[in-house]
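*Asks:* One line per chain: the protein sequences are A, B, C and D, in this order.
According to the working numbering, the first sequence is numbered sequentially starting from 1.
According to the working numbering, the second sequence is numbered sequentially starting from 504.
According to the working numbering, the third sequence is numbered sequentially starting from 841.
According to the working numbering, the fourth sequence is numbered sequentially starting from 1168.
Honestly, I wouldn't trust all of these hints.
[Said to hold, decoys possible] Only part of the chain B face toward chain A is listed, based on derived beta-carbon distances under 8 Å:
| id | residue |
| --- | --- |
| 1 | R700 |
| 2 | I713 |
| 3 | F717 |
Hints in this document: simulated from the structure, not taken from any laboratory.
Idealized CB from N, CA, C, for every residue including glycine.
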Amino acid sequence: MTNEILRVENVSKAFAGVKALDQVSLTLQEGEILCLVGENGSGKSTMIKIISGVYHPDQGDIIINGHSYKQLTPIESMREGVQVIYQDFSLFPNLSVAENLVINEQLSSGRRLVNWKETYKTAERGLEEIHVSIPLDAMVSELSTADRQLIAVTKAILAEARIIIMDEPTTALTQKEIQSLFEVINNLKAKGISTIFVSHKLNEVTEIADRTVIFRNGRKVMDQDAKNLDIKTMEFYMTGHELDLDNSQLAQPDQQAAPLLEVEKLGLRGKFKDVSFQLRPGEVLGITGLLGSGRTELALALFGETPADSGTIRVEGREVTIRSIQDAMRNRIGYVPEDRILEGLFLQQTISDNIIVRIIDQMVNKIHLIRAGASKKVSDEWIGRLEVKTPSGELPAKSLSGGNQQRLVLAKWLASDPRILILNSPTVGVDVGSKASIHELIRNLASQGMGILLISDDIPELMQTCNRLILMRRGRTFGVFDREDITEEQLNQEMVADRVFSI
Amino acid sequence: MLKKIVKSSEFVTFTIIVLLSLIIGIINPAFFSLATVFDVLRASIVVSIMAFGLLLVIIAGGIDISFVAFAALASYGTHMFLLSRGYNGGIFLYYAIACVIGLGAGLLSGLIVTRFNLPIFDVSLAMMTMWYGFIRFFIGSTKNFKLPEGAVGYYSRFLVTVRDPFVGEAGLHFSILYVLIIGVLIHCLLKYTTLGRGIFAMGGNREVAIRSGFNIKGTLLVVFGILGVLSAFAGVTHSFLSRHFEPTLFMTQNLDVIAAVILGGASVTGGKGSVLGTFMGVILIQLINRAMVLTGITVEWQQLMIGLVLAFFISIPAIRDLINKRASRAVEVPEEI
Amino acid sequence: APAAEVTAPEETAAPVKEAKDLVFASVVKSIGDTWFIRYETGIKQFEKDYGIKSFMEGPSQPDSAAQVAVIEDLIAQGVDVIINVPYGVPENEPAQKKALDAGIIVMGHEAETAKEGTLTYDVEAFDNCSYGEEMMRELATRMGEEGKYIQFVGSLTNASHNTWTECAKAYQEANYPNMQFVAKYESKENQENAYNIMKDALKATPDIKGVQGSDSGDILGAGRAVEEAGLADSISVVGTGIASDAGELLKSGAVDLAMAWDPGMAGYACSVIAYKLLQGEKIVEGMDLKVPGFESIKIGKGPNGVTVIYGSAWIKITVETMDQYPF
Amino acid sequence: MNTTNLKPKVRFEMQTLLLAGILVFLLLFFGLNDQGFLAGRSISSMAIQLPEIGILSLAMMITVMIGGINLSINATANLAAVLSGLFILRFMPESQGPMVIVAMVGISLLIGVITGAINGFLVGYVGVPSILATLATMSIFTGIGVGLTKGQTVTGFPEVVGSVASLSPLGIPMPFLVFVGITVIAYILLGRTTFGFKTRMLGTNPVASKFSGINNKAVIMQIFIFSGVLSSIAGVLIMSRTMSASNAYGTATYVMLTILIGVLAGVVSGKGSVLNIFITVFILQVISTGSHMLLAGVRGSSFFKDFAWGVLLIIIFIINYFTHGRRKE
Ligand SMILES: Nc1ncnc2c1ncn2[C@@H]1O[C@H](COP(=O)(O)OP(=O)(O)OP(=O)(O)O)[C@@H](O)[C@H]1O
Ligand SMILES: Nc1ncnc2c1ncn2[C@@H]1O[C@H](COP(=O)(O)OP(=O)(O)OP(=O)(O)O)[C@@H](O)[C@H]1O
Ligand SMILES: [Mg+2]
Ligand SMILES: [Mg+2]
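Isolated chain A (complex conformation) (with noise of 0.2 Å):
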């Protein structure tokens, strides 16, 4: 016999005309994980910010620990015991990880006064529970996006909550992590705590609900037992039609052919040192490896952000010198970045100012105005091809959901036709459908003589979309593999063997 703690009962709520929910109803029992999948767009987060308090729904009823809520604010949907992890995790930058770990206890507990050495031993207790050490003075500022991560599950494990809602907190960890923190939920669930789990990654999804709601369009499709859904099912649900996620049309590059890329002994004083390879056109070489392994500081170094001290680089046989981002777009390397907020996109701006941010100068007529019908056009063409969910480009990058805003980052790169592409962690956060598209499309560009670099964690994406992977560990390239000869369980086993963390 188990308890119903919460209830949503026939909750809409429309954004200037969007029905981001439509109907939606939902329960939630004592103890229960409660899985929401969909596709971006689909309304999940919307949900979570109405539970939250964050937004108030147009129409229905939340129903919390029996008390029944037209809407909600957010100090009280933490007094009922609600805690959320944001997909921005929610984070203070400013201040140290000590404090946002216990900030919101501080809040809800109605304290006037902190009590810094009991803030500290509390915030270790946190870190201790999911078995990962960050120094508790650091600023969150200071953290990589893995680190944050962690910082938030903990934080809202510390909050002592009834529900702890989490918006996609896997995208940035690896598996090792992922495993601690499922072990973490289940500890929850053991002590009655429920947990409703959002992500992408449907394998998750199987692994840790108990129940699962599938959303489509603001609709509620599917609500079931966990253990009556298989992924595919799940597919369906979410798209409505079969995908067909058989990748194994791998196009192999011409191996005769000059490399686009040579990279010879390059390092970055206490980043990464002697790190080789070559890149060739039409080749997707995937680089993996743990947080804190140097993957994304070597991709730094290409795109001349922050420039190697050592080594060589050569772009189609001529040594380059890469100093600065200007340097890297000279050669025609472009770079996506992990972070979409901050580093990838204007949320102020238009949709399609964002696209053609890249090419702005190739946009001009003679007399070097801008000619608004090419940029328009250009724009257009790009949130097309990689399916951007919106009604027009001439709104805001910020009403887009987070894996639309992710599609719109990659349509700003391709749009300035790159030789040689870097992606960083290029499908977090996107729906297995747009994944699957995403996944077709770089390798459509590297059949189109495109070079790419594929930085992830996602085993499955890296040996569906890569010829060939290179393995980093603490700053140094362990193994370079081609994909034939390599499955997925030794790559799982290889990452999983080095016990570094990040920092």
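Model the placement of chains B, C and D with the ligands on the given structure of chain A, informed by the hints.
*Replies:* Okay, now just chains B, C and D with the ligands, sitting in the frame of chain A:
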């Protein structure tokens, strides 16, 4: 621990102060005297008190330029009111009434900002114009030199005095204690109260602060209330020290106070700043101004020198940041422009 | 060299209006200043005596740009007389000229350096250079004609202040060889600055014996610093100032002498001259305007050609005489 | 904060319409209250300072658009006038030829470029927050002028210097034509060129613009140079109109006034409209002239005007709030 201190922005400001003092002292050894210390401290009293109030606003992510008008309104308004009632007693009543006026003015700004969700800078621009006009149209437009009995001689209430053979008597004015007390209070507010952490949280990421359930509006109201009270307090103290009340008090000095707070390590975009740093920022600006007379730079070139020295010293923290960033590439936060 | 006679400008040939229809507007550097409050009493007295609408306008902060805007608006309103006390003389000239072109009589005060053709007349309480020299005589007497002295100007851009200090310095060099000029400082028209500068000046030059101030805040700030250092007896402070501001310090002996002229009377005199011009009268050397200090006017040329009418006599405010000057 | 900016185009027009509406209202209000107001003389009175303020406001606006501020605009204008004035007095005191104008404009523009580059260097390359950097350079630029002239106003220029301000081809005063011309140029530069596009992007998110390959430092440098050049053009107009060059001209009013115009015109990081600035400058000028007329002879009318401005600003903010829809928190 030591490494942390050395890395802090307060340490940088401190180093700059030491450096500048050495330069002035080498050019004119008369600078190295207790009298100098007392003078610089005295000149920093009033600015520091205002700067502490402003610090809260800047940490919360806004920039206010109207606090100088609060000071003028509260001090001059109180004075003209009490003068008209024939009051001739002690100074406590002055402080009490002025602080109430300051609180009112601060809260009014705060209410407008929060109720209509307006940028702090914009509102403060309007309020500054409005208050200085209000004071001079409705209260009075001339300086007044008539002090109440209780304030006569206020200027020379020293904690300690030293006799300097050349420059006469020099004393440490007791109102430096105000700075100390207010400084400690504000520091504790920022560091040890939920409210104070809310101010930092708000400046660090406003949206997240709202989501986390911080009472943003309430916090802003408190911040503006404190700004109003501290400005009023500074205004009255200044008037007693300088022995007159004026309607255009501090009118052109708001940018200098803002500069001091930022020079003291507070971030223009919010979320960062400290009481100690702010105090050192105030001292630094004082020193730069005083260096002109003591080093004997001729009057025509003083303004240029002040600008050059300021430009030099404000560049040091920025250059340090550049070097730090090179050394360890942390995750980027939005750059200040 | 005083010109024998100056003819009234042509515009006055226009039909004479009745007094009650005339409008005299005064534009001052900044309307909040104690100084100009006193100025206003003069033109209000004129209004009462002559039945002519007279008022004072000006920016709320001393600034030429804002002052010019006020003049422009007065021209548009079609006033009959503008009396301008310019913050920056050259910057105000084009607006004054425009007013002249519009048939308005434009009087200046504290605008001796104006260019010819930019004012109908300039009216000065006295000759600025003599004023500076007189100040030096007073300072020298109090210092026993020896020792170091410093000077303050409100701002380097203020022509009068710089004339006073430079003439004073030249006079000292010629007449008091035992006195020694140390430095000139700029108080930015803020007495708190004067206070801090004085303190630092004492450190930089410990044996200062005299201070000459120009802005009315200079002797206040310097006086306070001197008093607090307990040096009121050994340092002489002399400068422009008025009794209502400097009273306390005069009493305590920190300030030894405040010199001034009565701006109210200057404003009154300007108005009278303008009125006479409107009546078609000629302004001649030795004329009695029936205004204290302007009983027998002198007429001369400013350095840039404007015709200047000088009154006589500055006033000297000491602790003994301060009650005679209630402003 | 969750302002859902769904219709940028429409919103932009709203703000402009609102401003235009206020302008029309004010014209009617003052026109009905004072017969002389709409007469030619008050129009020309308004047109005198408007070009200078307008150009300085543009100089301020473009720095606000990248999330900065430029406190040194007025100091730059004065320095340009002082240095070109000193040059003319030294090398061509008697000349009445066009070379004087060429020297005046040429030197001023050069000063604008140099001062702008100094600001751009400090802000863009060293990384000093612009409020501090330009506070320091304000002091430096004024200080150079004060040092060279000992603070005295530079005068005695050849008559031809005044011709820039006094000419009025087609009956329109030259300064006004310059202002309109610069407004059009700024409109095109900011709205239709890659420079303007990059400026907006930089103002919106400097990190993303860096990762998009925009050379942030160069854009900041260009913005401050542009700001300096605009300031120096204002300096030329002031110099020509007053036939003098002062280090103190406008120091107590112009900087705050231009910030105020920017705020009213709705300029924020990443967004700014030249057209709004153009209208707003008129609004403020009309209020100023109109209130001088209505309050002529009232004691302390300038003080009342300040008070009223403050209140009016708040009212406009509030109108803005309601017309733009309540912002959700
Ligand atoms: N603040 C908003 N303003 C306008 N539209 C919004 C807003 N929030 C959500 N939407 C719209 O509501 C729809 C549902 O959004 P929601 O964030 O719930 O999707 P989601 O399922 O979380 O998608 P994703 O998987 O991409 O995160 C989207 O189409 C989006 O465009
Ligand atoms: N501020 C907003 N304005 C307009 N639409 C929004 C806003 N925030 C979210 N949306 C909409 O909500 C949807 C989901 O957004 P959100 O980023 O919350 O999605 P998500 O489920 O968490 O994301 P994803 O899986 O794509 O990473 C999108 O379709 C987007 O259009
Ligand atoms: Mg979502
Ligand atoms: Mg998402």
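*Asks:* Confirm or reject each hint.
*Replies:* Do the hints match the structure? See the list:
With 8 Å as the threshold, the beta carbon of B:R700 comes within range of chain A, its nearest partner Cβ sitting at about 6 Å, so the hint holds. Annotation: interface hint on B:I713 holds; nearest CB of chain A at approximately 7 Å, less than 8 Å. Because the closest C-beta pair between B:F717 and chain A is about 7 Å apart, less than 8 Å, the hint holds.
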